[in-house]
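Visitor: The primary structure of each chain is shown beneath.
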Amino acid sequence: MGTRAIISVKDLVKKYDDFTAVKGLSFEVFENEIFGLLGPNGAGKTTTLEIIETLREKTSGEVWVDGLSVDTDAGKIKQLIGVQLQAAGYYPNLNLVELIELFSGLYGSDVKPMEMLEKVNLQDKAKAKYKALSGGQKQRFSIATTLINSPKIIFLDEPTTGLDPQARRNLWDLITEIRDQGTTVVLTTHYMDEAEQLCDRVAFVEKGEIMVLDTPDNLIDQLVNSGFERKKEVKKANLEDVFISLTGKEWREG
Amino acid sequence: MNRPYSNTKATLALAKASFRSIMRSPSAVVFTLAFPLIFILVFGFLGGGRVRVDVAIAPGSDLQNPVIAALEKISVVHLIRDKSTEEIKTALEKGSYDAVIDVRRNTGQPAFLASVQYTSASVDKGNILKSVLNNLIYSVNAQDRAPAVAELKESTVQGRVYRTIDFILPGQLGFSLLSTGVFGTAFVFFSLRQNLVIKRFFATPVKRSSIVFGEGIARIGFALLGAVFIILVGHFCFHFTLVHGAVTVINMLLLSLMGLIVFMGFGFVVSGIAKSESTIPPISNIITLPQFLLSGTFFSIEAFPSWLQPISRALPLTYLNDAMRKVAFEGAGLWDVKQQILIIAVWGIGVYAVAVKVFKWE
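Residue numbers (the numbering used here), protein chains in the order written: chain G, 1 to 254; chain P, 1001 to 1362.
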């Protein structure tokens, strides 16, 4: 993880008609880290992401992606990012290979569809339709489409929402792998265990503002140093660990 | 990432994807191919539009006489024998028989008396029979006698046979283009928007124009393939007239292209104003159904009451059908139907002006 800022957001404001979704956010994402935007629904996470992805107009502020401004270089930014949208659908009636071919054309790159599917372990589903995939498979496929243009940064909006524990862990491994290969990852989530395990740094967003921004470790230490104690002594394992040990952590198509 | 981004490549990738998707979509195949073909089959087998007058012979009628003999030789007249008076009466009332004839030997002059009863349930055919009989009686009576005043010499010019298919096929082709253009385009853009497929596209460097062109190319390609298929089936199975062969087919395809572009404009408008998936069919039907009924798809618009004809003459499909028939049957070139093309183009400009205003990307 470097300390060169690959994304910098300054005083970002987004107003809808009678509602301010983002109220002057400022933060930087460093090259090659996994950066988490955390917060409850409606906190402005998705809006912030979509402004950085050039999918939404901002009201004011500055956003730079790898030295390019979203105001003037949206086209160039799109070529060096990969985007996974919350609840996005894919072209109807096409199988996974055909969808990858389509995106390959849209990005102007020449990838081999099967290689892309292997990256996310979906080679067995090559001829399946997107709709026929399980939740975890859908998310893995979405991530595959973000990798087609060999992007510098990928954005994942709630990638693990609605997945079972195995599928979530499985996705964490995949996201970590992608980061290890040199890609910066920006994701949103409302699972704190996920953020703690996965993210190098996290920002807490609430009502369009950043409350804190630091590594999960530092944030936890700060809280402990302030004298915080859990009401109940924590056991060495939790119920999720029980579930995982009962059902196995191995690959599961469920 | 050093190569310049290619809009053409993106457009073609989209066209390919869209074409694959259309080919696998049952509704597209049904509307573009199955419906028109079913209508063509039905009308193709209904016979070449030949008129048949069913005439029952009354029980007790004399059968060995020159009148019956002459009627048998007339192809329009179909004689029905051995039916009871009761059966004939009900058939006449229903109009399934057009008339009943009873010929009796006469003791004096003339040698035979033929009485014919028509039915008000089938006036048209009754009239045909009336003139057939007048003609027949005249020539039967005139045998062996020189005409006193004038003699009628009849002959028929050998012309192209105008079959039902020559009328029905262009209409069905036009309707196929209309429904593919309107329903297909409206559904695709609505669902791509609704399912955030277009939003995901926008996260790639693709241009909006590439999305529209890619979709357009696929739909046009599919509809023109359908048109070729319909024309060929019509030509080889039902003797649909193509005056100049392949040239006529190409002219018809060019007309199809123009029509389709206009109809796709309606589709863009529908996808823009529809609030939900379930409102697309009714809105689309408001556009397609009147044209289906009033644009001369099944009947010539001259058959409509005069107050209805101005409405027919305002619809774009009317002009497409008209131009298609002129090109296919009369062998007209595209320049000969320039008036029709002009009206279609005016519709195109109007529709796309509206489409640009109401079309929504998100």
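Hint data in this document are derived by calculation from the structure and do not stem from the laboratory. Note that this is a predicted model, so its numbers are computed, not measured. Where is the CB? At the ideal position from N, CA and C, for every residue including glycine. Any given hint could be a false lead.
Stated by the list, open to error - With a cut-off of at most 27 Å between alpha-carbon atoms, the simulated DSS-like pairs for lysine-lysine come out as follows:
hint	chain 1	residue 1	chain 2	residue 2
1	P	K1207	G	K76
2	P	K1207	P	K1016
3	P	K1275	G	K131
4	G	K127	G	K138
5	G	K138	P	K1199
6	G	K23	G	K10
7	G	K112	G	K10
8	G	K23	G	K138
9	P	K1357	P	K1207
10	G	K15	P	K1357
11	P	K1016	G	K112
12	G	K15	P	K1016
13	P	K1073	P	K1083
14	G	K76	P	K1073
15	P	K1073	G	K207
16	P	K1326	P	K1207
17	G	K152	P	K1199
18	G	K119	P	K1275
Said to hold, decoys possible - Beyond 12 Å from chain P on every Cβ pair, some chain G residues (computed):
hint	residue
19	V13
20	S60
21	G67
22	L80
23	S104
24	S109
25	K119
26	K207
Visitor: Next, verify each hint and record whether it holds.
Guide: Here is how each hint holds up against the structure:
1. Between K1207 of chain P and K76 of chain G the alpha-carbon distance is near 13 Å, which keeps this suggested pair within the 27 Å criterion.
2. Distance hint between K1207 of chain P and K1016 of chain P is fulfilled; the C-alpha atoms sit about 16 Å from each other, no more than 27 Å.
3. Restraint check: the Cα-Cα separation between K1275 of chain P and K131 of chain G comes to about 24 Å, which is no more than 27 Å; the hinted pair holds.
4. Taking the CA atoms of K127 of chain G and K138 of chain G, the gap is about 14 Å. The hint holds against a cut of 27 Å.
5. Distance check on the hinted pair: K138 of chain G and K1199 of chain P sit about 17 Å apart at the alpha-carbon level, within 27 Å; holds.
6. With a C-alpha separation of about 11 Å, the suggested pair K23 of chain G and K10 of chain G falls inside the 27 Å cut-off, and the hint holds.
7. About 39 Å separates the Cα atoms of K112 of chain G and K10 of chain G, which puts this hinted pair outside 27 Å; it is violated.
8. With a C-alpha separation of about 33 Å, the suggested pair K23 of chain G and K138 of chain G falls outside the 27 Å cut-off, and the hint is violated.
9. Distance check on the hinted pair: K1357 of chain P and K1207 of chain P sit about 19 Å apart at the alpha-carbon level, within 27 Å; holds.
10. The straight-line distance between the Cα atoms of K15 of chain G and K1357 of chain P is roughly 25 Å, inside the 27 Å bound, and the hint therefore holds.
11. Between K1016 of chain P and K112 of chain G, the direct Cα distance comes to roughly 17 Å. Compliance with the 27 Å bound is thereby established for this hinted pair.
12. A C-alpha spacing of about 39 Å is found between K15 of chain G and K1016 of chain P, which places the hinted pair above 27 Å, so the restraint is violated.
13. Under the criterion of a C-alpha separation no larger than 27 Å, the hint pairing K1073 of chain P with K1083 of chain P is consistent with the structure, at around 21 Å.
14. Between K76 of chain G and K1073 of chain P the alpha-carbon distance is near 84 Å, which puts this suggested pair outside the 27 Å criterion.
15. With a C-alpha separation of about 94 Å, the suggested pairing of K1073 of chain P with K207 of chain G is violated against the 27 Å cut-off.
16. Straight-line distance between C-alpha atoms of K1326 of chain P and K1207 of chain P comes to about 40 Å, which puts the hinted pair past the 27 Å bound.
17. Taken as a hint, the K152 of chain G and K1199 of chain P pair is honoured in the structure, with Cα atoms around 21 Å apart against an allowance of 27 Å.
18. This hinted pair does not check out: K119 of chain G and K1275 of chain P have alpha carbons roughly 39 Å apart, beyond 27 Å.
19. Non-interface status of V13 of chain G relative to chain P is upheld: no Cβ of that chain comes within 12 Å, the nearest being about 21 Å off.
20. Every C-beta of chain P lies more than 12 Å from that of S60 of chain G, the closest at about 21 Å, which supports listing it as non-interface.
21. Every CB of chain P lies more than 12 Å from the CB of G67 of chain G, the least distance being 14 Å, so the non-interface label holds.
22. Its beta-carbon lying about 7 Å from the closest one in chain P, L80 of chain G breaks the requirement of being farther than 12 Å from that chain.
23. The beta carbon of S104 of chain G is not kept farther than 12 Å from every beta carbon of chain P, the shortest such distance being approximately 7 Å.
24. For S109 of chain G, the shortest C-beta to C-beta distance to chain P comes to about 8 Å, within the 12 Å cut-off, and the non-interface label is violated.
25. Distance check for K119 of chain G against chain P: the nearest CB is about 18 Å away, which clears 12 Å, and the non-interface claim stands.
26. Every beta carbon of chain P lies more than 12 Å from that of K207 of chain G, the smallest distance being close to 25 Å; the non-interface claim holds.
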